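Chemist: Given chain A, work out where chains B, C and D with the ligands should sit, using these hints.
Each chain is listed here by its residues.
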Amino acid sequence: MARSITMQVARYRPDREAEPTMQSYDVPLRKDWAILDGLNHIKDELDGTLSYRWSCRMGICGSCGMTVNGEPKLTCATFLTDYAPGPVRVEPLRNFPVVRDLVVDIGDFMAKLSVVQPWIIRKDEETPDGEYLQTPAELEDYKQFSMCINCMLCYSACPIYGLNEHFLGPAAIALAQRYNLDSRDQGSADRMDALSASTGVWDCTYVGECSTACPKNVDPAGAIQRYKLTAATETLKSFLMPRGGR
Amino acid sequence: MTYTHDIVIVGGGGAGLRAAIAVVEANPQLSVAIISKVYPMRSHTVSAEGGAAAVIRAEDSLDEHAYDTISGGDWLCDQDAVEAFVDEAPKEMLRLENWGCPWSREPDGRVAVRPFGGMKRIRTWFAADKTGFHLLHTLFQTSLKYEEIARYDEWFVTKLLVEDGRVRGVVAIELSSGRIETITAKAVILCTGGCGRVFPFTTNANIKTGDGMALAYRAGAPLKDMEFVQYHPTGLPFTGILITEAARAEGGWLLNKDGYRYLQDYDLGTPQPGPVLRSMELGPRDRLSQAFVKEMEKGRTIDTPYGQVVHLDLRHLGAKLINTKLPMVRELCLDYEKIDPVKDLVPVRPVVHYMMGGVSTDIHGATPLDGLYAAGEVACVSINGANRLGSNSLPELLVFGARAGRAAAEFAAAQPDDGGDWSGILTQAEDERRRLERDLRGREGGGERVSTIRTEMQAAMEQGAGIYRSADSMAKCADALQELRERLPGVSIDDHTTTFNTELIAALELGLMLDVAESIVHSARLREESRGAHQRTDFPERDDVRYLAHSLIHRSADGSPRVEYPPVTITRWPPGVRVYGR
Amino acid sequence: MPKQRIAPILWLLFSAGGIVAALMIPVLLALFGVLFPLELVAPPDHAHLLAVIRHPLTRLVLFGTCVLALFHWAHRFKYTLYDGLQLKGLHTAINTFAYGGALLGSAVAAYLLLLLPA
Amino acid sequence: MSDTTATSHVGNQPRPYRRRVPILWWVRRRSYLLFVAREVSSVFVAWFVVFLLLLVRAVLSGEDAYRRFLDWTANPFVLALNVVALLFVLLHAVTWFNLAPQAMVVKVRGRRLPPVLIAAAHFGAWAVVSAVVAWIVLG
Ligand SMILES: Cc1cc2nc3c(=O)[nH]c(=O)nc-3n(C[C@H](O)[C@H](O)[C@H](O)COP(=O)(O)OP(=O)(O)OC[C@H]3O[C@@H](n4cnc5c(N)ncnc54)[C@H](O)[C@@H]3O)c2cc1C
Ligand code: SF4
Ligand code: F3S
Ligand code: FES
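Chains as they are written, first to last, in our numbering: chain A, 1 to 246; chain B, 1 to 582; chain C, 1 to 118; chain D, 1 to 139.
Chain A extracted, bound-state conformation (with noise of 0.2 Å):
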């Protein structure tokens, strides 16, 4: 195997530069050594401008996304060796403003957190004495999409969110449905006009590239097919049965 390989780094020092460049370094190629830890081994030991968020190296984090050879990866669970002989070419994110080098802005998606209220919505007022049951069947309904790590490669592989920033996207959609999935939640009304917004699930059109890119098998695009589902005939009883027919 060769002994090093060559890395070519998005740089953009919006006070130096109009628009990114590419530069070339070349790291030593090591069996155990991810994309971030050859972006490591160019900041201590060669370039220590470089700019890139990371943190748990662990994959659970979410912070190391970018983009790897034109595809979203998490640079801590993605390894120099596959990409060998080389070169390979790590960009920022896709589809989010570029604040500097590997690093994006994502405030857009933080907002949009905030929006499909992910949290425990309960229509009594009491805090019961103790847990609230679940069983195990009941856990595994929205258990899938509990397991999002925030750290936007779907959004970056979604080209709908591309084209329109307003698009609520992948990852909040899954999230409204993890709780509205879950047992314990009574809120799928409330959260039911963010979803199905003008920015809300209907624009999506099942692209699909969201869950090929997650690395949590979180399947975002089932999510929001199966909200699809819901909705519709959710809308259609309501026609049928006017005034809410229950």
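FYI, nobody ran anything at the bench for these hints, they're computed from the structure. Treat the hints with caution; some may be incorrect.
As the list claims (entries may be wrong) - With a Cα cut of at most 30 Å, we get these calculated DSBU-like pairs of lysine-lysine:
{"hint": "1", "chain 1": "B", "residue 1": "Lys338", "chain 2": "A", "residue 2": "Lys31"}
{"hint": "2", "chain 1": "B", "residue 1": "Lys476", "chain 2": "A", "residue 2": "Lys216"}
{"hint": "3", "chain 1": "A", "residue 1": "Lys31", "chain 2": "D", "residue 2": "Lys107"}
{"hint": "4", "chain 1": "A", "residue 1": "Lys143", "chain 2": "B", "residue 2": "Lys476"}
{"hint": "5", "chain 1": "B", "residue 1": "Lys145", "chain 2": "A", "residue 2": "Lys31"}
{"hint": "6", "chain 1": "A", "residue 1": "Lys123", "chain 2": "B", "residue 2": "Lys343"}
{"hint": "7", "chain 1": "B", "residue 1": "Lys343", "chain 2": "A", "residue 2": "Lys216"}
{"hint": "8", "chain 1": "A", "residue 1": "Lys143", "chain 2": "B", "residue 2": "Lys257"}
{"hint": "9", "chain 1": "B", "residue 1": "Lys343", "chain 2": "A", "residue 2": "Lys143"}
{"hint": "10", "chain 1": "B", "residue 1": "Lys91", "chain 2": "A", "residue 2": "Lys123"}
{"hint": "11", "chain 1": "B", "residue 1": "Lys294", "chain 2": "B", "residue 2": "Lys476"}
{"hint": "12", "chain 1": "B", "residue 1": "Lys320", "chain 2": "D", "residue 2": "Lys107"}
{"hint": "13", "chain 1": "A", "residue 1": "Lys143", "chain 2": "A", "residue 2": "Lys123"}
{"hint": "14", "chain 1": "A", "residue 1": "Lys123", "chain 2": "D", "residue 2": "Lys107"}
{"hint": "15", "chain 1": "A", "residue 1": "Lys237", "chain 2": "D", "residue 2": "Lys107"}
{"hint": "16", "chain 1": "B", "residue 1": "Lys257", "chain 2": "A", "residue 2": "Lys31"}
{"hint": "17", "chain 1": "B", "residue 1": "Lys120", "chain 2": "B", "residue 2": "Lys294"}
{"hint": "18", "chain 1": "B", "residue 1": "Lys294", "chain 2": "A", "residue 2": "Lys143"}
{"hint": "19", "chain 1": "B", "residue 1": "Lys294", "chain 2": "A", "residue 2": "Lys216"}
{"hint": "20", "chain 1": "B", "residue 1": "Lys338", "chain 2": "A", "residue 2": "Lys143"}
{"hint": "21", "chain 1": "B", "residue 1": "Lys257", "chain 2": "B", "residue 2": "Lys294"}
{"hint": "22", "chain 1": "B", "residue 1": "Lys120", "chain 2": "B", "residue 2": "Lys338"}
{"hint": "23", "chain 1": "B", "residue 1": "Lys294", "chain 2": "B", "residue 2": "Lys343"}
{"hint": "24", "chain 1": "B", "residue 1": "Lys325", "chain 2": "D", "residue 2": "Lys107"}
{"hint": "25", "chain 1": "B", "residue 1": "Lys298", "chain 2": "B", "residue 2": "Lys325"}
{"hint": "26", "chain 1": "B", "residue 1": "Lys320", "chain 2": "A", "residue 2": "Lys216"}
Unchecked claim - Far from chain A by the CB rule (all over 12 Å, computed), these chain B residues:
{"hint": "27", "residue": "Gln29"}
{"hint": "28", "residue": "Met41"}
{"hint": "29", "residue": "Arg151"}
{"hint": "30", "residue": "Arg166"}
{"hint": "31", "residue": "Gly240"}
{"hint": "32", "residue": "Lys298"}
{"hint": "33", "residue": "Leu317"}
{"hint": "34", "residue": "Lys343"}
{"hint": "35", "residue": "Glu410"}
{"hint": "36", "residue": "Pro416"}
{"hint": "37", "residue": "Trp422"}
{"hint": "38", "residue": "Glu486"}
{"hint": "39", "residue": "Gly490"}
{"hint": "40", "residue": "Val545"}
Computed from a predicted model, the values in this text were never measured in an experiment. Here a beta-carbon is modelled for each residue, glycine too, at the ideal position from N, C-alpha and C.
Modeler: For chains B, C and D with the ligands alone, kept in the frame of chain A given last:
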């Protein structure tokens, strides 16, 4: 520009978020803000795997949880704090359940519990093996409900502003713009987490640089029991990624190079096929990590490119159990070691994991400095004593996060609105701003890299203040740290961009880490006994006559450390012998 | 944000159309569009086909297929222009064309399949 | 948040760089191209409706019209169009049935049916419908 809040919380991890919610619930009139150097859901709490302990089963009792905690902590825990902790832990955990945390369940719908190291009863709640992840996301999402909670995401706090023995606010840099701002407050709660990054091989994330400990120390608040650094017995070589204790609680075995369950040689019980509480692989972390070192000295560990390891054997648990109870362990092994625990042995070695010590607080989270509170890993209440039991830290950050929030709310509400004379504070803030700008603009290239000094510091700490310590090793370490401190001003910052300047942040973190490292080594040198995680080859016995006491380290005016020894609070459990496996 | 009242209905039509199109069209198109013209399979004689088409059930099924398939087209075609060619600015024109077309087609289908006495 | 004093600071407003999505964004990636092809299949669905209605009209107008219709379908251009249309419609059917299980959760006695099973059921139904239709047409 200056921002003003009643309460500023530094840190958006489990402790910080819980504190913020507690403040709003205690007093919705107060303006509260969370300042965090990463988006809250990226905080390190996200990595916690195994679970969170709280008494819930009929056959369990608060006293037993308290006793396990106290004996696990080698009697260095304050027992009034432990009693408050075990009492409130179940309530906090239930709240979290009510907020939607996806706890694993029994078939009848009740929350499930699993065994954990050092615990006599089965009382550890878990959400598969992503407990911290679910806990943090549940707290964060619930916090979004409270519009009152303002957030400064990706702001780095560089200084606590203190005047007349009272904390009045902080100075912080906004990463995205490089703006340096003063944020004033009537009370500040530090929830900045631990400092594992002071060591080279750690389970801790990149952000765990002990900032809060150093900020408090510099501001005049003492640190407590800093010599107690927990090594977790099972980290993956190279990355330091943690293989949770739950893997052993579910029945995993530790094997040496001969395939022998070596823990039986270290007074930890006799091997049984299934897991036995407080025995063998379910002994406490300090003892297991020490056993590893002894095995290594006997030449019975396995040599790898990333150092000596032993094997964790999960194969007999079967794919089904591993997939349902330990999915992340499998995922991590497959990703980072290219091995499958269903079929292969997992190489593991002890790894720096947790700080028992921290900013000294009372049982309400208050530090001796007026208006300054602390909770979570950054704080030392102390319930963890000389060795924390696995799964006690998540409930700790809930219980004491909430307590600190309530106490700070009460304190802030009692303060007058304008707070008197601000000129001194603003001058301090101005000085701090100048210091930072000088760092950013003035430090030309050519000097040493941040990483050079950091790497040397980490190596010195591992050699001098690792699992086993001695007067000699620590003296060398202290000298090395002193030398590094002198080199620190010469470190170069090549990056002069104001936007997202991570090199500047790394340099600031390095300065903070050096303070923390010094306080660890200094406290360790003075404690001439072996207790819990602090093991000295030159003083191998516990010494309750001299050291049934906390080390409280202050920074004197000239910067030198000064240590005091206030006694441990004993209520109902007089010091005894730690017995495991018998 | 205005809640969408129409969108769910149009989406249901689109989905129903998607299923119907997937189930019915490949076989019919294969037979009449490819296999018969290539003389790989002999086309049925006129009398047989007429009998089939005269049957009310066939008419209903064919009518349903046509309407749903048209609404399926309208929906996808609209989004293809919106996203594929980034023409969202022209949404009024696109909507009029797509759904107008679907309605017109449905009317023709109704005329041929439901109204014309056979 | 309120300002109590204003002082100068080094930081400047961030100037994020926004990238534009190219008009032909979907030629860049295979998966996007496949997506657009799937969407374009709808045009051929619409074409089929026209084709079907022409057929119905021809059949209803009598034997001659039906003959003329058959002759017209043998025209190379029409034939080529229909071959292409068939390919697109097949793409539509396959992608549709493959994605169906993602959108629907079927539970039998509290257990979620595995997605492959749902997909298989769809493909099975497709085979049955096709056979029945062919049998009716061919008599
Ligand atoms: C791998 C791993 C597994 C673990 N598993 C378990 C377990 O199973 N059970 C258990 O009980 N415990 C476990 N622990 C321990 C437990 O997770 C931690 O002790 C706990 O999460 C710490 O939480 P915290 O809220 O105190 O700090 P953190 O979650 O670390 O949060 C610190 C916060 O402070 C902010 N911050 C820090 N410095 C600054 C600054 N200068 N300016 C602004 N903001 C700042 C950060 O941005 C962050 O938001 C585990 C620990 C690790 C490392
Ligand atoms: S849904 Fe998946 S890809 Fe999207 S943010 Fe969540 S974890 Fe990341
Ligand atoms: S990629 Fe985008 S269009 Fe829908 S299915 Fe996923 S959100
Ligand atoms: S660094 Fe945390 S997910 Fe990669």
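Chemist: Each hint: holds or not?
Modeler: Hints, verified against the model:
1. Lys338(B) x Lys31(A): Cα-Cα ~10 Å, so holds.
2. Lys476(B) x Lys216(A): violated (46 Å)
3. Lys31(A) x Lys107(D): Violated. Lys31(A) to Lys107(D) sits at ~44 Å, over the 30 Å cutoff.
4. Lys143(A) x Lys476(B): violated (51 Å)
5. Lys145(B) x Lys31(A): violated (45 Å)
6. Lys123(A) x Lys343(B): violated (49 Å)
7. Lys343(B) x Lys216(A): Distance of about 23 Å is within 30 Å: holds.
8. Lys143(A) x Lys257(B): violated (39 Å)
9. Lys343(B) x Lys143(A): Holds - the C-alpha atoms of Lys143(A) and Lys343(B) are around 27 Å apart, at most 30 Å.
10. Lys91(B) x Lys123(A): Roughly 22 Å separates the two Cα atoms, so the pair holds.
11. Lys294(B) x Lys476(B): holds (23 Å)
12. Lys320(B) x Lys107(D): At roughly 22 Å apart (the allowed maximum being 30 Å), Lys107(D) and Lys320(B) satisfy the hint.
13. Lys143(A) x Lys123(A): holds (23 Å)
14. Lys123(A) x Lys107(D): holds (27 Å)
15. Lys237(A) x Lys107(D): holds (22 Å)
16. Lys257(B) x Lys31(A): Measuring from Cα to Cα gives roughly 24 Å; hence the hint holds.
17. Lys120(B) x Lys294(B): This hinted pair holds, its Cα atoms lying about 26 Å apart.
18. Lys294(B) x Lys143(A): The hint is violated at about 43 Å.
19. Lys294(B) x Lys216(A): violated (39 Å)
20. Lys338(B) x Lys143(A): Holds, at roughly 26 Å.
21. Lys257(B) x Lys294(B): Roughly 13 Å between the alpha carbons, so the hint for Lys257(B) and Lys294(B) holds.
22. Lys120(B) x Lys338(B): violated (35 Å)
23. Lys294(B) x Lys343(B): holds (28 Å)
24. Lys325(B) x Lys107(D): holds (24 Å)
25. Lys298(B) x Lys325(B): violated (34 Å)
26. Lys320(B) x Lys216(A): This hinted pair holds, its Cα atoms lying about 19 Å apart.
27. Gln29: Fine: 22 Å to the nearest Cβ keeps Gln29(B) off the interface.
28. Met41: violated (6 Å)
29. Arg151: Per Cβ check, Arg151(B) is inside 12 Å of chain A; nearest 9 Å; violated.
30. Arg166: Its Cβ never comes within 12 Å of chain A, the nearest being 33 Å, so this holds.
31. Gly240: violated (9 Å)
32. Lys298: Nearest chain A Cβ is 28 Å from Lys298(B), so the label holds.
33. Leu317: At about 19 Å from chain A, Leu317(B) clears the 12 Å cut-off, so the statement holds.
34. Lys343: It holds; Lys343(B) is separated from chain A by about 20 Å at its closest Cβ, greater than 12 Å.
35. Glu410: holds (22 Å)
36. Pro416: Holds, since 34 Å exceeds 12 Å.
37. Trp422: The claim stands: Trp422(B) keeps its Cβ more than 12 Å from every Cβ of chain A (closest is about 31 Å).
38. Glu486: The assertion about Glu486(B) holds, with a minimum of 21 Å to chain A.
39. Gly490: holds (14 Å)
40. Val545: About 43 Å separates Val545(B) from the closest Cβ of chain A, which puts it past 12 Å; holds.
Violated hints, listed in ascending order, are 2, 3, 4, 5, 6, 8, 18, 19, 22, 25, 28, 29, 31; each of the other numbered hints is respected by the structure.
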